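Colleague: Here are the chains, one letter per residue:
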Amino acid sequence: MKTRFLLNPFYLVGRSALDTVAQIGRWGGLAMDTLRALPQVGTWGRLLPGQMARIGVDSVPIALFIAAFTGVVMALQASYTFTGAVPLYFVGTLVGKTMILELGPVLTGLALSGRVGASIAAELGTMRVTEQIDALETMAYDPAAYLVVPRVLAGIIMFPVVVILATATGIAAGWLTSLQLLDMSTPEFMKGLRLFFLPWDVQFAVIKSLSFGLTVTSIGCFFGFTTRGGAEGVGLSTTRAVVVSSMVILVLDAFWAATLL
Amino acid sequence: MSIVLQDVHKAFGSNQVLRGFSLEVHEGETVAIVGQSGTGKSVALKHVVGLLKPDRGEVWVDGVNLGQLAVERLNEIRRHVGYVFQFAALFDSLTIEENVGLGLRRIPEMTEKAMAERVRECLALVELEGYESRFPAELSGGQKKRAGLARAIATQPRYLLYDEPTTGLDPVTTTVINRLIMKTREELKVTTVVITHDMESAYLVADRIGMIHEGVIRFMGTPEEVRACSDPVVRGFIEGKPELLEGAG
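The listed protein sequences derive, respectively, from chains U and E. If you count the first sequence from 1, position 161 lands on 161 in our numbering, and the numbers rise without skipping. If you count the second sequence from 1, you need to add 1000 to reach our numbering.
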């Protein structure tokens, strides 16, 4: 009887919806705790540089690797698509515009949701199940000030820096590919790159990457904080952090495109 | 009365863990709470530092009801309480020196020099001199517990709470930890609560022993009174006879 009830699709959908709403509520609670912890600069201030290095500087190699190969592929595919129909300097336009507006921020965001989000969820999840977070509280520390604020601020500050570096690398890789494999000249590529360039495009990319930094770090912290059980719980939290932050990045990507462009 | 738990009820979902738990610990006294695994010993202890809030009942520390406190005031109480966790709960990413000094950083007037000096004193008390720059992963189970104790006493608390301090340790290390508990009590004059299921430890360190069973204190008395107790639940536990526990109400 109970098994039949549990297999009822209405029950499953309803249960899942309620769980999601409850999760959002708990995330909101942690967000409020984090905002309230912001004035405790003495607690999080000395931890911020270390987190900026871990979240930002250490992520640069993987972000640049992804961006470089994306730039190469973009240039080759643009040339393949344009052949005979569109002037080849449009390769520069397509590489520049797409890297700045979309692929630089989104691919970097998705890569960092795997690297940074998973790392935060696993670290805080392990701290939760080994009572390290409880230990912080018993020593009169606010866990939000000690653990969440430096990670979230580091994400907000460093994601745009990593995205800008990755975008520049992608464009540079597209340019080198155009020179070496497409028989284009540097002035041709630059002509295309400048053709529809707007300074707003860069601001748009920075806004997106700020929001992705906030998303990846806060979701990583949330799933780490709410970890239950032992090693299995940590694994589950890590997976959820990556999946949920990747989904939210894609939703935010569409939201910013719809509202800011 | 320095620590008082009055009629504390606590449930996790449908699992009712504490069912009217009451305990009074006097100034300077050491009380051991014994009982089977899963009977709510650690849950009761976590109420004393506000890590858990009772569903019903009251928790008083230092004459203050924790249930009515804002976080800032609760943190002031916590500064007078040292908590030694079952598995030490040392921070993996910090050295032993940084772990022990972490609580000291909350004291505004504490200088770096004074902090380093206090850390050295605490590590000397638990016989871990020379381990300052090591990380928790480089320590044995007993050394971790001693480092956890050093961290708990660093802020010179008035209350010390031990959650299963000897669980998983060999007999020699167990004796070392028991001696440290007694040494700490004598040197720091702290009020102590020890959660354990190790009766030998309880007899050795405690002024009074309370046995928790089905979410309440079933029996409370001096070690001699516990030894002489005829309650089948108490006898079943101290003699390791589950049939006595199962037969009792």
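It is worth saying that the hints were derived from the structure and are not from the lab. Here the structure is a predicted model, which means the values were calculated and not measured. Some hints here could point you the wrong way.
Which residues of chain U face chain E? A partial, calculated answer using Cβ under 8 Å [what the hints assert, rightly or not]:
hint, residue
1, S79
2, T83
3, E131
4, Q132
5, M139
6, A140
7, D183
8, P187
9, E188
10, F255
Distance condition first, Cα-Cα at most 25 Å in a straight line; then the derived SDA-like pairs of lysine to any residue [unchecked claim]:
hint, chain 1, residue 1, chain 2, residue 2
11, E, K1113, U, G29
12, E, K1053, U, A17
13, E, K1053, U, W27
14, E, K1053, U, V60
To give an idea of the interface, some chain E residues facing chain U are shown, with a C-beta separation under 10 Å as derived from the structure [as the list claims (entries may be wrong)]:
hint, residue
15, P1108
16, E1109
17, M1110
18, T1111
19, M1115
C-beta: ideal position from N, C-alpha, C; glycine also.
Colleague: Against each hint, give a clear statement of whether it holds in the structure.
Modeller: Going down the list of hints, with the structure as the test:
1. S79: Where the cut-off is 8 Å and the nearest Cβ of chain E is about 48 Å from S79/U, the hint is violated.
2. T83: Violated, because the Cβ-Cβ distance from T83/U to chain E comes to roughly 54 Å (cut-off 8 Å).
3. E131: With a minimum Cβ separation of about 4 Å from chain E (threshold 8 Å), the hint on E131/U holds.
4. Q132: Q132/U check passes; min Cβ-Cβ to chain E is 5 Å, inside 8 Å.
5. M139: holds (4 Å)
6. A140: At 4 Å from the nearest chain E Cβ, A140/U passes the 8 Å test, so the hint holds.
7. D183: For D183/U, the interface hint is violated, since the closest Cβ of chain E sits about 53 Å away, which is over 8 Å.
8. P187: Hint violated; P187/U Cβ to chain E Cβ min 51 Å, cut 8 Å.
9. E188: Nearest chain E Cβ about 51 Å off; hint violated.
10. F255: Because about 35 Å separates F255/U from the closest Cβ in chain E, which is outside the 8 Å limit, the hint is violated.
11. K1113/E with G29/U: violated (39 Å)
12. K1053/E with A17/U: Given that 25 Å is the threshold and the Cα spacing comes to 28 Å, the pair is violated.
13. K1053/E with W27/U: This hinted pair holds, its Cα atoms lying about 21 Å apart.
14. K1053/E with V60/U: violated (44 Å)
15. P1108: holds (9 Å)
16. E1109: Violated - the Cβ of E1109/E stays beyond 10 Å from chain U, reaching only about 13 Å at its closest.
17. M1110: violated (12 Å)
18. T1111: violated (15 Å)
19. M1115: violated (14 Å)
The structure fails hints 1, 2, 7, 8, 9, 10, 11, 12, 14, 16, 17, 18, 19 (numbered hints given earlier, in ascending order).
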